[in-house]
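Trainee: Let chain S serve as the given structure and place chain U on it in line with the hints.
Number of protein chains: 2
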Amino acid sequence: MLTYSFSDIGNASLYEHLYHSIKEDIVSGTLKPQDRLPSKRSFAKHLNISTITIENAYAQLLAEGYIYSLPKKGYYVSDITELVYSPKSDRVHASCASEASSSAFKQESDAGVSVVKEAPVAYQVDFASNQTCAERFPFATWMKLMREIMAEKSTELMTNPPGIGIPELRAAIAEHLQQFRGMQVSPEQVIIGAGTEYLYGLLIQLLGREKVYAIENPGYTKIARIYAAQQVAVRHLSMDRSGICMEELEQSDCDILHISPTHHFPTGIVTSINRRNELLNWAAASDGRYIIEDDYDCEFRLMGKPIRSLQSLDQMEKVIYINTFTKSLTSTIRISYMVLPPHLMELFQQKLGFYSATVSNFEQYTLAKFLREGYFEKHINRMRKFYRNQRDELLSCIKKSPLSSKVTITEEDAGLHFLLRIQSSLTEAQIQQKAAAKGLRISSLSQFYHGTYEHTVPTFLINYSALRLEQIPMAVELLGQCI
Amino acid sequence: MLTYSFSDIGNASLYEHLYHSIKEDIVSGTLKPQDRLPSKRSFAKHLNISTITIENAYAQLLAEGYIYSLPKKGYYVSDITELVYSPKSDRVHASCASEASSSAFKQESDAGVSVVKEAPVAYQVDFASNQTCAERFPFATWMKLMREIMAEKSTELMTNPPGIGIPELRAAIAEHLQQFRGMQVSPEQVIIGAGTEYLYGLLIQLLGREKVYAIENPGYTKIARIYAAQQVAVRHLSMDRSGICMEELEQSDCDILHISPTHHFPTGIVTSINRRNELLNWAAASDGRYIIEDDYDCEFRLMGKPIRSLQSLDQMEKVIYINTFTKSLTSTIRISYMVLPPHLMELFQQKLGFYSATVSNFEQYTLAKFLREGYFEKHINRMRKFYRNQRDELLSCIKKSPLSSKVTITEEDAGLHFLLRIQSSLTEAQIQQKAAAKGLRISSLSQFYHGTYEHTVPTFLINYSALRLEQIPMAVELLGQCI
Numbered sequence: 249m250l251t252y253s254f255s256d257i258g259n260a261s262l263y264e265h266l267y268h269s270i271k272e273d274i275v276s277g278t279l280k281p282q283d284r285l286p287s288k289r290s291f292a293k294h295l296n297i298s299t300i301t302i303e304n305a306y307a308q309l310l311a312e313g314y315i316y317s318l319p320k321k322g323y324y325v326s327d328i329t330e331l332v333y334s335p336k337s338d339r340v341h342a343s344c345a346s347e348a349s350s351s352a353f354k355q356e357s358d359a360g361v362s363v364v365k366e367a368p369v370a371y372q373v374d375f376a377s378n379q380t381c382a383e384r385f386p387f388a389t390w391m392k393l394m395r396e397i398m399a400e401k402s403t404e405l406m407t408n409p410p411g412i413g414i415p416e417l418r419a420a421i422a423e424h425l426q427q428f429r430g431m432q433v434s435p436e437q438v439i440i441g442a443g444t445e446y447l448y449g450l451l452i453q454l455l456g457r458e459k460v461y462a463i464e465n466p467g468y469t470k471i472a473r474i475y476a477a478q479q480v481a482v483r484h485l486s487m488d489r490s491g492i493c494m495e496e497l498e499q500s501d502c503d504i505l506h507i508s509p510t511h512h513f514p515t516g517i518v519t520s521i522n523r524r525n526e527l528l529n530w531a532a533a534s535d536g537r538y539i540i541e542d543d544y545d546c547e548f549r550l551m552g553k554p555i556r557s558l559q560s561l562d563q564m565e566k567v568i569y570i571n572t573f574t575k576s577l578t579s580t581i582r583i584s585y586m587v588l589p590p591h592l593m594e595l596f597q598q599k600l601g602f603y604s605a606t607v608s609n610f611e612q613y614t615l616a617k618f619l620r621e622g623y624f625e626k627h628i629n630r631m632r633k634f635y636r637n638q639r640d641e642l643l644s645c646i647k648k649s650p651l652s653s654k655v656t657i658t659e660e661d662a663g664l665h666f667l668l669r670i671q672s673s674l675t676e677a678q679i680q681q682k683a684a685a686k687g688l689r690i691s692s693l694s695q696f697y698h699g700t701y702e703h704t705v706p707t708f709l710i711n712y713s714a715l716r717l718e719q720i721p722m723a724v725e726l727l728g729q730c731i
Numbered sequence: 249m250l251t252y253s254f255s256d257i258g259n260a261s262l263y264e265h266l267y268h269s270i271k272e273d274i275v276s277g278t279l280k281p282q283d284r285l286p287s288k289r290s291f292a293k294h295l296n297i298s299t300i301t302i303e304n305a306y307a308q309l310l311a312e313g314y315i316y317s318l319p320k321k322g323y324y325v326s327d328i329t330e331l332v333y334s335p336k337s338d339r340v341h342a343s344c345a346s347e348a349s350s351s352a353f354k355q356e357s358d359a360g361v362s363v364v365k366e367a368p369v370a371y372q373v374d375f376a377s378n379q380t381c382a383e384r385f386p387f388a389t390w391m392k393l394m395r396e397i398m399a400e401k402s403t404e405l406m407t408n409p410p411g412i413g414i415p416e417l418r419a420a421i422a423e424h425l426q427q428f429r430g431m432q433v434s435p436e437q438v439i440i441g442a443g444t445e446y447l448y449g450l451l452i453q454l455l456g457r458e459k460v461y462a463i464e465n466p467g468y469t470k471i472a473r474i475y476a477a478q479q480v481a482v483r484h485l486s487m488d489r490s491g492i493c494m495e496e497l498e499q500s501d502c503d504i505l506h507i508s509p510t511h512h513f514p515t516g517i518v519t520s521i522n523r524r525n526e527l528l529n530w531a532a533a534s535d536g537r538y539i540i541e542d543d544y545d546c547e548f549r550l551m552g553k554p555i556r557s558l559q560s561l562d563q564m565e566k567v568i569y570i571n572t573f574t575k576s577l578t579s580t581i582r583i584s585y586m587v588l589p590p591h592l593m594e595l596f597q598q599k600l601g602f603y604s605a606t607v608s609n610f611e612q613y614t615l616a617k618f619l620r621e622g623y624f625e626k627h628i629n630r631m632r633k634f635y636r637n638q639r640d641e642l643l644s645c646i647k648k649s650p651l652s653s654k655v656t657i658t659e660e661d662a663g664l665h666f667l668l669r670i671q672s673s674l675t676e677a678q679i680q681q682k683a684a685a686k687g688l689r690i691s692s693l694s695q696f697y698h699g700t701y702e703h704t705v706p707t708f709l710i711n712y713s714a715l716r717l718e719q720i721p722m723a724v725e726l727l728g729q730c731i
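Chains as they are written, first to last, in this note's numbering: chain S, 249 to 731; chain U, 249 to 731.
So that you can see chain S by itself, here it is in the shape it has in the complex (with noise of 0.2 Å):
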């Protein structure tokens, strides 16, 4: 039976220990594909550790898709796609280059959800918003960090900060980069700009409106909007269960394939080592293919572990990663950034270098402190435990409801909000109407699919992040009463 040693570790944890060093055995091919994986319990008799690491081990390697599950049956190694390209030692930065350590570990979870904004109305119980109830905003320190920087850096304030954002700000997040998600990044590749839709139209401008971009479909619905209002060329590509379709990929005449490898919206799928593989050597085939990395989310994933970022697979500077703090602090400050491989930056500088900032010195700074300073951390493990509360009394809500006999739940994790599909007779689309007459707003999962498209098993994303706990019992019977 497969054996390692536990006696020199260091700072990780058995289970993170126990998943590097089978995924190591994987990728140096110690481990060959459809190799049987021994049975939890067997394996952890044998390396004398309990079986719940052996279970949070193997659930990592098979979200990742370095191992599949038969069932019934046990957990096998996967035919992992080898990355044919190597780097071009000229090219690449060192930083960048590296493997991701494994602090990446010391954040649990991610997740979270985005949906089509429109302007408030007048829903009692809202599953389709995502925003910030103001009690959540630490508005304390917030506030105390901003009269620090007044009084400390009154001078910085009114300098005309460097288009892509102050150093502070930018070393802030290539550490946040680092602890987090155990990506190596250079500040120096950091791009600051006020809001994700912002950063789509400068890379369009960087890298090119003659390119044919692709997106994911089903998808986030805002991207194709802003494309289609960029004047680009756009395609739709399908998903299946490890992501992209790499034969629809392949068959495309794309350039830039934006995608949400971690955490796709809003099926949760999360794109298989395999097919991350399969997508870095279809970028690295041409010279003029990226890959922009939508990782809108990373910050709250509520089970799961820590999915690494396909940026820090990338060793030919194919991989242009972007995040949000509209996510994990609140949509209502406009702060978003970019990780542009190096080459990339340096054609950034030349040719659209002139732009002026888009975000405020003062929320800059202030934002700059607020990570340094720890509190950007403890804000998300607040927020963490506060939505595995809300999903919590949510799914326990819908159990005991007659709900229960009728619904299946899937992707509970995958982010701040579920599937959930209904048996009824009814469509998605009357089940819709009815909610809207009781005063629930509900977005089906049809309504991310380009063109017309109907799930025959009506499914609803249930977003939880805006929900009051109060709120949730009220809201889970009336949603009873809609099927």
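Honestly, I wouldn't trust all of these hints.
When chains are identical, the list treats them as one kind, so a pair holds in a single copy or across two.
Claimed, not checked - Distance condition first, Cα-Cα at most 30 Å in a straight line; then the derived DSSO-like pairs of lysine-lysine:
| id | residue 1 | residue 2 |
| --- | --- | --- |
| 1 | Lys459 | Lys599 |
| 2 | Lys401 | Lys686 |
| 3 | Lys686 | Lys271 |
| 4 | Lys280 | Lys293 |
| 5 | Lys633 | Lys470 |
Because the hints were derived from the structure by calculation, they are not lab data.
Mentor: Relative to chain S, chain U alone:
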């Protein structure tokens, strides 16, 4: 001789009343082109008011192009181009078509300057900077308002704002435009964005990428770079003393004209009333034509009288008005806005209404309060006094220095800079080089021309807004050593 009654002039000053009376007579045809106006002294005696009042009224009419002067001969009525297109009544918003009220006169003056931004360098004296000194920004007030906002509006602060900006700020801006620019604008026409550069990008998406854009030559160089980065066709049109050359405009294939008619950068040229009407006629002649009026520094004019905006002359929904708080408050708070004609606002909501806000709620609410409670007006008045003092000190230092015999100062009312023509055997580039060696940064007028261009008489932009009073004698001394 011309006679006007001053018995019932309401709140208007004598000067305002006289200006309006003469203007009306010119527009109505009572005063005919080439009619000679009374000399200042005889007119003053006749009306029993001071010569200064007559002088101010004439200066204003002259600045706007209603009259012209012949040296040693006097003032004559201009031949005003009529607006040949009349508004389609079903398309024009009532509040837009109405006359600007005399409250435009509440503001004494406007001006300002904008310069290609660079990363801060260690110059001893920077005649090219437009940064706000830290001690000039009202930190205490800003902090107080932000604290109040956080205390009073925590729910609103966490509520996703409309993409075009919070209603409070849009209303405050409409009110401000009414009071300071005499513009009749509805808050529904206002769009807030993170800097004018961002708004230019939105306008291209709104008006269409296939359109041909035209800009001023010389002009603010960044605008040309933005259109280039956005990959749209752009034409560079020459300026004469009255504004954009109509001949070049008529011969060009451009659809969208982007200008600063109230105060051209860097020459300070005010587009004459005649030329304004010609421009509006040009725009009205074809459906797809629009004028972008960039009013970037209307708050600072140290001497001049207020010049009406082109937007307030427009009765055909052809003018898009754009302005910013980055000049008037600080360049490091990124809030700008534009005013769209109603039919374009409708199109915006259809095509681009899905975009999220780019300015943080915190700063939108704070600025709204800052405007509403009169702090902005106070700030502007204080800054005007400060800048006037800077300018006077600089001019007096130059007058007293050996430099005075070799330079001509023009457009000293052009904003927060003036033009300095230097009699010298050196070229502009040589003088700049010598200046740089002495730690002096200085922009030449030629730098603002499209392509290669060099003024035969070396001409420089002297921006005094960021100078320290105590620096000024030394700065003049150093400059003197360079020529």
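Trainee: Please flag the earlier hints that this structure goes against, numbers listed from lowest up.
Mentor: 3
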